[in-house]
Amino acid sequence: MPTRTALLAGASGLVGGHLLARLLADPRYDRVTALVRRPLDREHPRLDVRIVDFATLTADEVPAVDDVYCALGTTIRKAGSQTAFRAVDHDATLAVADRAHGAGARRIALCSSVGADPASRNFYLRVKGDVERDIIALGYDSTLLFRPSLLLGERTEQRTAERLAARLGPVFGPLCAGPLRPYRPVAAGRLAAAMVNALATAEPGTRALTYEDIVLASEAR
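Position 150 of the sequence shown, counted from 1, bears residue number 150 in the UniProt record's numbering, the numbering being contiguous throughout.
No lab work stands behind these hints: they were computed from the structure. Among these hints, one or two may not hold up.
[Said to hold, decoys possible] Pair ranges (Cβ atoms, derived):
{"no.": "1", "residue 1": "Gln82", "residue 2": "Arg133", "range": "11 to 21 Å"}
{"no.": "2", "residue 1": "Gln82", "residue 2": "Pro39", "range": "44 to 54 Å"}
{"no.": "3", "residue 1": "Glu43", "residue 2": "Thr83", "range": "33 to 43 Å"}
{"no.": "4", "residue 1": "Ile76", "residue 2": "Arg133", "range": "27 to 37 Å"}
These numbers were taken from a predicted model, which means no experiment stands behind them. Virtual Cβ for every residue (Gly too), placed ideally from N, Cα, C.
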């Protein structure tokens, strides 16, 4: 089986942590490069950890890879302002995608959000839509936009909405039927599995995946 190389941005986060575990366990990848702001508490013979400043990321800091997984993200509350939030969720994410594409990457999987839209009145969703649009414009052969709703899983920091989703998920989830189905909460581990599985078989072009697509991709063999 021909092996590939992967680049992961956001390995210290909820989804990124699950992605890192998945990628290191996947025999299709012989090297996984993780771009992080601070050291990871993880060692593996196929793991290449690079500590970078995403605000000043240069082409020299990004190796040649086949596939890119972007799971960078914060909250306006944690970032401290809308400007600081955009610097992470848009600027840093786009910088990674741009440098990786310049280094030869041809497939990318982005963790975005349900409702992402550059024309949205909601600032968060507008930023998510902006970064989707700008990554598409880079011209990757295959671009997968994952649009989960609330994420379930243990974070190092608490997010109120996701904490409530974990408690109310068994009740709230089944109520999200029909047109509301894309808004069902999804486990971060399931999302990570979907991102890896879907990118492995991605066809040329751009595809947006919401709840139902994520569930199906996570169960693919």
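Now the hints, each set against the structure:
no., hint, in the structure
1, Gln82 x Arg133: 11 to 21 Å, "holds (18 Å)"
2, Gln82 x Pro39: 44 to 54 Å, "violated (29 Å)"
3, Glu43 x Thr83: 33 to 43 Å, "holds (36 Å)"
4, Ile76 x Arg133: 27 to 37 Å, "violated (20 Å)"
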